[in-house]
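Q: If you read the sequence shown in this note's numbering, its first letter stands for residue 2, the second for the next number, and so on.
No lab work stands behind these hints, which were simulated from the structure alone.
Just so it is clear, the structure is predicted and the values come from calculations on it, not from any experiment.
Mixed in with the good hints there might be a few duds.
Stated by the list, open to error - Cross-link-like lysine-lysine pairs, in silico, DSBU-like; alpha carbons within 35 Å at most: (1) K45 x K186; (2) K218 x K45; (3) K122 x K141; (4) K186 x K11.
Claimed, not checked - Have a look at the derived ranges for each label pair, beta carbon to beta carbon: (5) L216 x S274: 30 to 36 Å; (6) V57 x I195: 35 to 41 Å; (7) G283 x I144: 30 to 36 Å; (8) R37 x S274: 24 to 30 Å; (9) L225 x A13: 29 to 35 Å; (10) E46 x R73: 21 to 27 Å; (11) L265 x P40: 37 to 43 Å.
Just so it is clear, CB atoms sit at the ideal spot from N, CA and C, and this is done for glycine as well.
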Amino acid sequence: MEVEGGGVSKPAAVIACTGMALFYVATLYAPTLIFRLPPPYSFKEFMIRRFVCAAVSSVVSVVVCALILPIRSWEASTLLSIYGIRRDHIWQAVMFPLALTSLMYAGSMTLNFLLWLDSWKEDSDSGGCFSFRCFSDALKAFIERIRSRASNVLFWRNLVVAPLTEELVFRACMISLLACGGFQKYSIIVMFPILFSLAHLNHFMEVYFQQNRNLLKASMIIGLQLSYTVVFGSYASFLLMRTGHLLSPWAAHVFCNYMGLPMLFSQRKGIVSLAFVAGAVGFLWFLFPLTRPDFYNARTNNCRCWQGHCSWN
2 MEVEGGGVSK PAAVIACTGM ALFYVATLYA PTLIFRLPPP YSFKEFMIRR FVCAAVSSVV
62 SVVVCALILP IRSWEASTLL SIYGIRRDHI WQAVMFPLAL TSLMYAGSMT LNFLLWLDSW
122 KEDSDSGGCF SFRCFSDALK AFIERIRSRA SNVLFWRNLV VAPLTEELVF RACMISLLAC
182 GGFQKYSIIV MFPILFSLAH LNHFMEVYFQ QNRNLLKASM IIGLQLSYTV VFGSYASFLL
242 MRTGHLLSPW AAHVFCNYMG LPMLFSQRKG IVSLAFVAGA VGFLWFLFPL TRPDFYNART
302 NNCRCWQGHC SWN
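Please construct the entire structure, taking both the sequences and the accompanying hints into account.
A: See below:
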């Protein structure tokens, strides 16, 4: 182990984690409330400011975490491994959690496939072409759509900045502090993702204006988002503590942000509900087998992940 267990008291760990969560959210409002910068002239500038703020708060959290933890060695590899940043078992840390997470989206992927199949049949019935030129045009259209999304600032927020900074702060930093403080693994997984969920309350005003200042609708949407983020926060914490690899919850975070909420049912196609149920059963069935610690660590008795999380049975 790279960090001595019990080197941080439980109250100190809770206070530090709460402070990190509050600091992460408060920093997002620093440009206007603290630095008194003029209002952004565009939504893109507004989001770029938030990207910078999120990066700053993440760096501060990483530094504070390193100062609090009783770290034995200040070598770069040791420091990075404390946060679950490792060079070994990279493909396992990405592919296995992605495969596991995708099972919860079996309904969504089934619906997308059925919609694509309907579109393909319509093109076929209307005499759509199947020449190389048609496939080439379709490929160009697909590439152009990817480029269009990559130039969208929301793409960068949902798939790059938010997953990276949130996993660093709410998983890598907080879990290492809580584990070092002596909290049990399941206590960390069940209780402390609430901090991660509450950090998303900053979206309330955005949703409020999107819903034409309808307080009830905005509250219902935010309530659903908070419930979902609690569940995902528990899952992401589970992944990090089982694998000792930050890439695992990061990959799941990116995938979930891209897919949105899982599709539970479709009014037109009952097979979507069946696919969701089958995927949920598969997810529960493979949850522990696909997160076996020895898949992500060469030796579980002398692993490089902090706090010996990979020693789980």
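Q: Confirm or reject each hint.
A: Each hint, compared with the structure:
Between the alpha carbons of K45 and K186 the distance comes to roughly 40 Å, so the proposed pair goes past 35 Å and is violated. For the given pair, K218 sits about 26 Å from K45 by alpha-carbon distance, which is consistent with the 35 Å threshold. Restraint check: the Cα-Cα separation between K122 and K141 comes to about 21 Å, which is no more than 35 Å; the hinted pair holds. The straight-line distance between the Cα atoms of K186 and K11 is roughly 13 Å, inside the 35 Å bound, and the hint therefore holds.
Take L216 and S274: their Cβ atoms lie about 32 Å apart, and the range 30 to 36 Å holds. Under the hint 35 to 41 Å, the C-beta atoms of V57 and I195, about 24 Å apart, miss the expected range. A hinted range of 30 to 36 Å for the beta carbons of G283 and I144 is consistent with their spacing of about 33 Å. Separated by about 52 Å at the C-beta atoms, R37 and S274 break the suggested range of 24 to 30 Å.
Between L225 and A13 the C-beta distance comes to about 34 Å, which sits within the given range of 29 to 35 Å. Between E46 and R73 the beta carbons are some 44 Å apart, a value that contradicts the proposed interval 21 to 27 Å. Hint check: L265 to P40, Cβ distance near 40 Å, so the stated range 37 to 43 Å holds.
In this structure, the earlier hints numbered 1, 6, 8, 10 are contradicted, and the remaining ones agree with it.
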